[in-house]
Amino acid sequence: MSGVELTQAEKRTFDRTQRKARRTALLFVAPLLLFIVVSFVLPIGTMLFRSVYHPAVAELIPATLQKLKAWDETSNTIPEPDALQVFAGELKTLVENKTFGKLAEEINRSSPGASSLIKSTARKMSRLDDAELQSKGDQALLDAGKQWSNPNLWRSIKKAGNVFTGAYYLTAVDMERNGEGRVVSRKTQIYTDLYVKSLKIALYITLLTGLIGFPLAYYLANAPERTANVLMVFVLLPFWTSLLVRTTAWMALLQTNGVINSVLQSLHIISEPLELLYTQFSTIIAMTHILLPFMILPLYSVMKGIDPSYFRAALSLGAKPIPAFMRIYLPMTTPGFSAGALLVFIISIGYYITPALVGGVDGQMISNLIAFHMQSSNNWELAAALGSLLLVLILAMYWLYDRLVGVSNLKLG
Amino acid sequence: MANYPKYYTIWHKLGVNGLKLTAWLVLLFLMLPIIVVIPLSFNAEPYFTFTKEMLSLQPGAYSMRWYAEILHDEKWLMAIKNSFYIGILSALIATVLGTCASVGLTNPKMPYQRLIMAVLLSPMIVPVIITAAGMFFFYSKFGLAGSHLGIIIAHAALGTPFVVVTVNAALAGFDYSLVNASMGMGARPIYTFVKVIMPLIRPGVISGALFAFVTSFDEVVVVLFMAGPQQTTIPRQMFSGLREQINPTILAVATLLVVVSALLLFTMEYLRARGQRIRGGQV
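Going line by line, the protein sequences match chains A and B.
Mapping of the first sequence onto the working numbering: position 16 corresponds to residue 16, and the numbering continues sequentially without gaps.
Mapping of the second sequence onto the working numbering: position 213 corresponds to residue 1213, and the numbering continues sequentially without gaps.
Keep in mind that the hints were calculated from the coordinates and are not lab data.
Note that the structure is predicted; figures quoted are calculated from it, not measured.
Fair warning: there could be bad hints in the mix.
Unchecked claim - Far from chain A by the CB rule (all over 12 Å, computed), these chain B residues:
1) P1059
2) L1200
3) E1219
Stated by the list, open to error - Listed below are the simulated DSS-like cross-link pairs for lysine-lysine, each with C-alpha atoms no more than 30 Å apart in a straight line:
4) A:K98 / B:K1141
5) A:K158 / A:K69
6) A:K159 / B:K1141
7) A:K102 / B:K1141
8) A:K124 / A:K146
9) A:K67 / A:K20
10) B:K1020 / A:K304
11) B:K1006 / A:K304
12) B:K1020 / B:K1006
13) A:K11 / B:K1020
14) B:K1013 / A:K320
15) B:K1006 / A:K320
16) A:K20 / B:K1195
17) A:K320 / B:K1020
18) B:K1109 / A:K20
19) A:K98 / A:K124
20) A:K304 / B:K1141
To be verified - Covered stretches of chain A, as calculated for chain B (at least 3 residues, CB under 8 Å):
21) 15–24
22) 62–73
In this text, a Cβ means the ideal position worked out from N, Cα and C, and glycines have one as well.
Please work from the sequences and hints to get the whole structure.
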């Protein structure tokens, strides 16, 4: 800018008002920001931290782990007798506190079969008095089971004592450390298979919603205004209807004695009822129904903005309808299609309720396994590791969405 | 038959009609599950499917017994009460905090806008199973798991992104010089907010509040993880009903919920039309 120069005082006033405006804006945002950080970001952060932070063993046998620090685990010997004595003493304390089962369970994860050995040994140690433990606790320990002379068991105890561990992430990608500490893949690929299956299911749902959403969105976008407004209600009503209601409806439709089987049987198309519910098929069909509006709405709003004269021009210039459609109209719908597809994909990959209710064994997704490890097997660390992998996957998709569509273009309803 | 332009070939006409047919089939697919639930809920028998008598339209095959069942079942009554109580309070918190934040966020002077926006929208993006698991651990530490307050806070957090998005949309195209004028004439920020900004964005705020309410009203995963027996909500009760003993009471509840969502839909459409009128767009 040329011409008027601001004086020092004017500059200061300007800066001050700028600062004040910024502060006011921040002040309006601050309450929500604080609320979200405390009620949402911190809980998720602490849970994800659990996937690498596992102090259970370190809290159970602190003195033993202290002693084991001096032991060289690469040597083919077991730790020094005084470490063994300390361990025997701590086992006795664990029996008194009734927490030795927890230790047995933790060590058992890295060396299967150790659970019963630790439990029986701990009981034997609890029968000795403190003086005996001090003098010959090491020998009593070695007599309690021949496994105690195996350096591998001591290695896994020392390893389990680490407060920070990547072991749950290894498990979550179906890897493990073998006896020599090398990372190898497991024989059965439970978790990677499930990730692949979830991705596949999400992909099928995305393709299906795109395939059946496209004609409807096109029809709505080109129908007369009044018709379109009325028909839009039929898209929005399912969108606003509770997820549980829609899942219930699909259960009523797909059951063995359900509506679809009854209709097909009374029309003599099938003689025996089909097994539709509790399959991967039922997960896919119910979720396609639930997520279809997320595809139709962005497609519709993009198609509304496409000038029909381009297509007409191509036709009147002699293009065949199908090539004209493919080369003129279809490319213009890309923004709506990519927005809808990414939205549907992101939502479906983390879905829980519908697969849990209609999926059976075959239709379960990654979220269901996370819930299983949270609620039934109580392996919270593994649930956290699986959850953070899922989160990374979704954040990557979301980043893509932001790059392609722009988060600020997000529209609801 | 409609009048087609002269240059349309027979194939093109077939295509247009085929498209129409496909569109109607997809609409049928969208509506069918919702339509099916309604007559099934009047089943006189404890089945989840149409009986022969129902199909031949005998009046005796239909009854209101499952609706009466809801009124006599304390669990359902508590669930209904909880759903509205939690839904209304969490929507209230979400709306107040979200609207305030939106006003700050759309201010052109707002620093770190993109980063803060990403944090504020994160409850919408993170899969709810992760949210539920994390909240369960964290809230337990403060004795909030298994309490109404804990679920209200959790649902408010899940609802705020919807408020921020709708109010941001209402504020798009908002003439910021109105605020400068108000402030320049000596009005305090709160006064400006109430007297200048609020009247212009009211439809957006109300639809944001409805979104937040529906988010809570429909939410079940967080409730599954955090709620004790005293905090059961309608979707939670439906979820356990579908897992344990399926009976048509669930279909009666589902029918009532369809009515609720129809009411919500018409309110939202009305608000959207009003919002467009206020912003001077075409109605």
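Consistency of the hints with the structure:
1. Non-interface status of B:P1059 relative to chain A is upheld: no Cβ of that chain comes within 12 Å, the nearest being about 21 Å off.
2. Distance check on B:L1200: its Cβ is at least 16 Å (rounded) from any Cβ of chain A, clearing the 12 Å threshold; non-interface status holds.
3. At roughly 9 Å from the closest C-beta of chain A, the C-beta of B:E1219 falls inside 12 Å, breaking its exclusion from the interface.
4. With a CA separation close to 23 Å, the supplied pair A:K98 and B:K1141 stays within the 30 Å bound.
5. Restraint check: the Cα-Cα separation between A:K158 and A:K69 comes to about 8 Å, which is no more than 30 Å; the hinted pair holds.
6. Of the supplied pair hints, the one linking A:K159 and B:K1141 holds, its CA atoms being roughly 29 Å apart against a limit of 30 Å.
7. Distance check on the hinted pair: A:K102 and B:K1141 sit about 21 Å apart at the alpha-carbon level, within 30 Å; holds.
8. For the hint linking A:K124 to A:K146, the alpha-carbon distance of about 14 Å falls within 30 Å, and the restraint holds.
9. The hinted pair formed by A:K67 and A:K20 fails the criterion: a straight-line CA distance of about 59 Å is larger than 30 Å.
10. Pair hint B:K1020 plus A:K304 holds up; C-alpha atoms about 17 Å apart against a cutoff of 30 Å.
11. Between B:K1006 and A:K304 the CA atoms are separated by roughly 24 Å; this keeps the pair inside 30 Å, and the hint holds.
12. For a cut-off of 30 Å, the pair hint linking B:K1020 to B:K1006 stands: about 20 Å separates their Cα positions.
13. The straight-line distance between the Cα atoms of A:K11 and B:K1020 is roughly 65 Å, outside the 30 Å bound, and the hint therefore fails.
14. At most 30 Å may separate the alpha-carbon atoms for a hinted pair to count; B:K1013 and A:K320 meet this at roughly 13 Å.
15. Our distance criterion of 30 Å between C-alpha atoms is met by B:K1006 and A:K320, whose separation comes to about 14 Å.
16. Under the criterion of a C-alpha separation no larger than 30 Å, the hint pairing A:K20 with B:K1195 is consistent with the structure, at around 21 Å.
17. Our distance criterion of 30 Å between C-alpha atoms is met by A:K320 and B:K1020, whose separation comes to about 20 Å.
18. Restraint check for B:K1109 and A:K20: satisfied, since their Cα atoms lie roughly 10 Å apart, inside the 30 Å limit.
19. With a CA separation close to 14 Å, the supplied pair A:K98 and A:K124 stays within the 30 Å bound.
20. Annotation: proposed proximity of A:K304 to B:K1141 is violated, straight-line Cα distance about 51 Å (limit 30 Å).
21. With 4 residues having a beta carbon nearer than 8 Å to a beta carbon of chain B, the region 15–24 of chain A meets the requirement of three or more and the stated coverage holds.
22. Taking a C-beta to C-beta cut-off of 8 Å, the region 62–73 of chain A contributes 0 residues in contact with chain B, too few for the three needed, and the coverage statement is violated.
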